[in-house]
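Modelling step: build the complete structure from the supplied sequences, incorporating the hints.
Protein chains: 2
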Amino acid sequence: MDRGTLGSESSKHYDAVVIGAGIIGLATAYHLKQSNPNLSVLVIDRMHAAAQGDTAKSAGGCRDMFTSEVSLLLAKSSVDFYRYVQDEMGFNLNLEMLGYLFLLTHRKFSEFERVENRIRKEGIRVRIFERDELAELIPDLVPDPSSEQSKIIGLEQIYKGVFGQDCGIVAPELVAKFYEEQFKKLNGEFLFGIEVKTLRIEAKPTLGLPNEPYAWQEKAFSGVETNRGFIRADSIFVASGSRTSILLDPLGVDCLTKPKKRMIFRVRGEPLNRLLQTKGFSDFNVLPFTFLPKVRGFEVWIRPTRGEKSFWIGASDDIGRRYLFEDEPTAEENYYTYNISPILSEFFPCFANLRPVNSWAGLYDINALDGTPIVDQVSNCIFAIGTSGSGISKADALGRIATALFQGKTETRLFGNKRITASRIGLTNRAVDKEEFVI
Amino acid sequence: MDRGTLGSESSKHYDAVVIGAGIIGLATAYHLKQSNPNLSVLVIDRMHAAAQGDTAKSAGGCRDMFTSEVSLLLAKSSVDFYRYVQDEMGFNLNLEMLGYLFLLTHRKFSEFERVENRIRKEGIRVRIFERDELAELIPDLVPDPSSEQSKIIGLEQIYKGVFGQDCGIVAPELVAKFYEEQFKKLNGEFLFGIEVKTLRIEAKPTLGLPNEPYAWQEKAFSGVETNRGFIRADSIFVASGSRTSILLDPLGVDCLTKPKKRMIFRVRGEPLNRLLQTKGFSDFNVLPFTFLPKVRGFEVWIRPTRGEKSFWIGASDDIGRRYLFEDEPTAEENYYTYNISPILSEFFPCFANLRPVNSWAGLYDINALDGTPIVDQVSNCIFAIGTSGSGISKADALGRIATALFQGKTETRLFGNKRITASRIGLTNRAVDKEEFVI
Chain A
-14 MDRGTLGSES
-4 SKHYDAVVIG
6 AGIIGLATAY
16 HLKQSNPNLS
26 VLVIDRMHAA
36 AQGDTAKSAG
46 GCRDMFTSEV
56 SLLLAKSSVD
66 FYRYVQDEMG
76 FNLNLEMLGY
86 LFLLTHRKFS
96 EFERVENRIR
106 KEGIRVRIFE
116 RDELAELIPD
126 LVPDPSSEQS
136 KIIGLEQIYK
146 GVFGQDCGIV
156 APELVAKFYE
166 EQFKKLNGEF
176 LFGIEVKTLR
186 IEAKPTLGLP
196 NEPYAWQEKA
206 FSGVETNRGF
216 IRADSIFVAS
226 GSRTSILLDP
236 LGVDCLTKPK
246 KRMIFRVRGE
256 PLNRLLQTKG
266 FSDFNVLPFT
276 FLPKVRGFEV
286 WIRPTRGEKS
296 FWIGASDDIG
306 RRYLFEDEPT
316 AEENYYTYNI
326 SPILSEFFPC
336 FANLRPVNSW
346 AGLYDINALD
356 GTPIVDQVSN
366 CIFAIGTSGS
376 GISKADALGR
386 IATALFQGKT
396 ETRLFGNKRI
406 TASRIGLTNR
416 AVDKEEFVI
Chain B
-14 MDRGTLGSES
-4 SKHYDAVVIG
6 AGIIGLATAY
16 HLKQSNPNLS
26 VLVIDRMHAA
36 AQGDTAKSAG
46 GCRDMFTSEV
56 SLLLAKSSVD
66 FYRYVQDEMG
76 FNLNLEMLGY
86 LFLLTHRKFS
96 EFERVENRIR
106 KEGIRVRIFE
116 RDELAELIPD
126 LVPDPSSEQS
136 KIIGLEQIYK
146 GVFGQDCGIV
156 APELVAKFYE
166 EQFKKLNGEF
176 LFGIEVKTLR
186 IEAKPTLGLP
196 NEPYAWQEKA
206 FSGVETNRGF
216 IRADSIFVAS
226 GSRTSILLDP
236 LGVDCLTKPK
246 KRMIFRVRGE
256 PLNRLLQTKG
266 FSDFNVLPFT
276 FLPKVRGFEV
286 WIRPTRGEKS
296 FWIGASDDIG
306 RRYLFEDEPT
316 AEENYYTYNI
326 SPILSEFFPC
336 FANLRPVNSW
346 AGLYDINALD
356 GTPIVDQVSN
366 CIFAIGTSGS
376 GISKADALGR
386 IATALFQGKT
396 ETRLFGNKRI
406 TASRIGLTNR
416 AVDKEEFVI
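As given, the protein sequences belong to chains A and B, one line each in that order.
When we follow this note's numbering, the leftmost residue of the first sequence carries the number -14, and every step to the right adds one.
When we follow this note's numbering, the leftmost residue of the second sequence carries the number -14, and every step to the right adds one.
Hint data in this document are derived by calculation from the structure and do not stem from the laboratory.
As the structure is a computational prediction, the values presented were derived from the model and not from experiment.
Keep in mind that a hint or two might mislead.
Since copy identity is lost for identical chains, a pair holds within one copy or between any two.
As the list claims (entries may be wrong) - Here are the simulated DSS-like cross-link-like pairs (lysine-lysine), alpha carbons at most 27 angstroms apart as the crow flies:
no., residue 1, residue 2
1, 419, 394
2, -3, 162
3, 419, 279
4, 189, 93
5, 136, 93
6, 93, 419
7, 394, 93
8, 189, 279
9, 189, 136
10, 42, 419
11, 279, 93
12, 279, 136
What follows is the structure, given as structure tokens:
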């Protein structure tokens, strides 16, 4: 059912309702149901199918390379799980380990060297490319731009490349589909096209008096008020990405994240053909997911999309890019023209005469404190947010941690037998070192 | 000047503009000017005089009793400074050290015992009152309510009282007046009745091209766009309390605080006369600023106001009290009737038949992460926020830290020769233990 008010559903009482059928909500729903097969679990979403929100806008980057111990643990176990799903379970995710290539200036490489040992010790496979090697493998790359424009911009030359071997790209919609199908096989339920108005808090026990709940009463979340009626639930999982604070603020719960727009521009054309056939990095013989040197916090990236013979281009900025929730964020052509293109064309002149053939935008939900996701619990409401752009890379771990919180477990077993204390990524006893590789 | 567009002011270029003439803005402006007498400093505010916003709504609590090391340092040095201002400089602040009395259940007292030594070691003077002593000193107190209502609410009996000797009340408007006058003596300037629309970011240097600033340009704040024109400034200080995120979000700066309404109800009447003459706690022979036992996170407090022979009653709640910015927050009579009164009347039956004679409401700017203020810098913009209800108690220290950041000093000398590393209360390298005594 997809329209009108809720019929039998509205009178139904679920053990758990998951708000949001994006990648985090789906991973949560799957692990919840898998660990507790008898639980009645309903996933609801305002869109008319799964993974139609910011998950669909994602660049689908998939990496195990993070500097913070916690991020690394979340990402490595998640990426390893996706590999297992594709290689062992035979479920195609379009997971291509074509690598992440960070092109670094001298100064940035020195910063990397300070964390290099720690990263390697965690089992992250990293390879360093000298500038000469880069120039040889990628003839289209100009490692030391020297034009007038590059001087005005203040570009520094590339010193070395840091290559993450076990990174790559994945199709977010296929990862979503995997979780969705598994969840359905376990008799998990979906309800689409339904908008949550608010989460209802009730006194527990209720006294049957006016104006309850009182401030001094024990309170719990009793369900979800929607545009199609009330859905009662014993537990609520909020996995609504950039909408999370819209749901939690009215309840007095601060999720400490804010939405920020990120845009992707698709570029294709004959001048890019050689770049699409770059050898020496991976068996895919394609340019890795490549990050140009940051210029005052502004970082341009290039993501190959072999199937459509194109590159997706994006960038991250910080100061000056507003925090704002938007229902329909759009990509700004000027952003490509004035911000991305001047830098991209200097390091990769083959892009100089091409214009994006299309573009789209989504919202990051940014945790400005440490750039690492938050999974926390307030009463019987569990929320998983703040992925700060690496939701795909960490979704599986977040789903497992949300499930562990539900089960009252202090420790979560992630894929590959790695363990994490759930409270580390909660807000009350947060123990996260700040992530440096936020892209 | 108070109306119309800016005349000569708009063409004037200030070394520093402080947004917000509340207690934090004023303390900042004063210390800034005092440390840098040649600086041209302008304080602007949307109200028509200083300290008319949330500073005016404050309960004026003034305490050195905090559990976190950082909060304690900020508060002790600030309260000591106010004492110095009143006792040594002869500037009346209506500072009355009538003490803070926390009425604790057995469980809460055990929690207090875990931090007691640490607090005492910091020089905080604390006295423990046994239940019998409390009952004798405060005949109006019922330490072990046993009515039907108290059972329904789930009140636990008071086990002991923890009394902070060097705590009390102060008139926020007089502290504000002190800073205002000192700042004026140093030739600091004010502009009232002016609303900030946005902070302007400019490329530095500018290229004179369209659509600047570009994401890759060096950027700095160049001034403040107001309803009365542009004010240019080399540095901007944001001390706008609950409005801070409204100013900083559009610039992509997350101040990690959210506003939450707090209400105060003034109650007076003959049944309270004995309470107003409570002996044995301070030379003021009045009930201390008293905190009733928390009931599921809900804490009612009583603040004596001798001059008007009344008590101010307030409470703090958490879950269920929404985060919301409101231009004109108002007190809800139902909140007193259904939430505060049932608890207040059980422990202090003398309040049972009285109704508030008036009430008001303001906004806390809450840092949900650790309940401790944030002073941080982004480019040439410094913001001081997140006082979480203890702005008066910490304002002086925050003003000094903001000034130290401006001066590029890593260490701040607080009043009484205490020192703090400014970055500890910034966001990037935050090193704050969570405050337990948020009221």
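Against the structure, the hints come out as follows:
no.: 1; hint: 419 / 394; in the structure: both (25 angstroms within a copy, 23 angstroms between copies)
no.: 2; hint: -3 / 162; in the structure: within (26 angstroms within a copy, 60 angstroms between copies)
no.: 3; hint: 419 / 279; in the structure: within (18 angstroms within a copy, 34 angstroms between copies)
no.: 4; hint: 189 / 93; in the structure: between (54 angstroms within a copy, 23 angstroms between copies)
no.: 5; hint: 136 / 93; in the structure: within (19 angstroms within a copy, 63 angstroms between copies)
no.: 6; hint: 93 / 419; in the structure: within (17 angstroms within a copy, 33 angstroms between copies)
no.: 7; hint: 394 / 93; in the structure: between (40 angstroms within a copy, 26 angstroms between copies)
no.: 8; hint: 189 / 279; in the structure: between (52 angstroms within a copy, 18 angstroms between copies)
no.: 9; hint: 189 / 136; in the structure: between (66 angstroms within a copy, 15 angstroms between copies)
no.: 10; hint: 42 / 419; in the structure: within (26 angstroms within a copy, 37 angstroms between copies)
no.: 11; hint: 279 / 93; in the structure: within (9 angstroms within a copy, 51 angstroms between copies)
no.: 12; hint: 279 / 136; in the structure: within (15 angstroms within a copy, 62 angstroms between copies)
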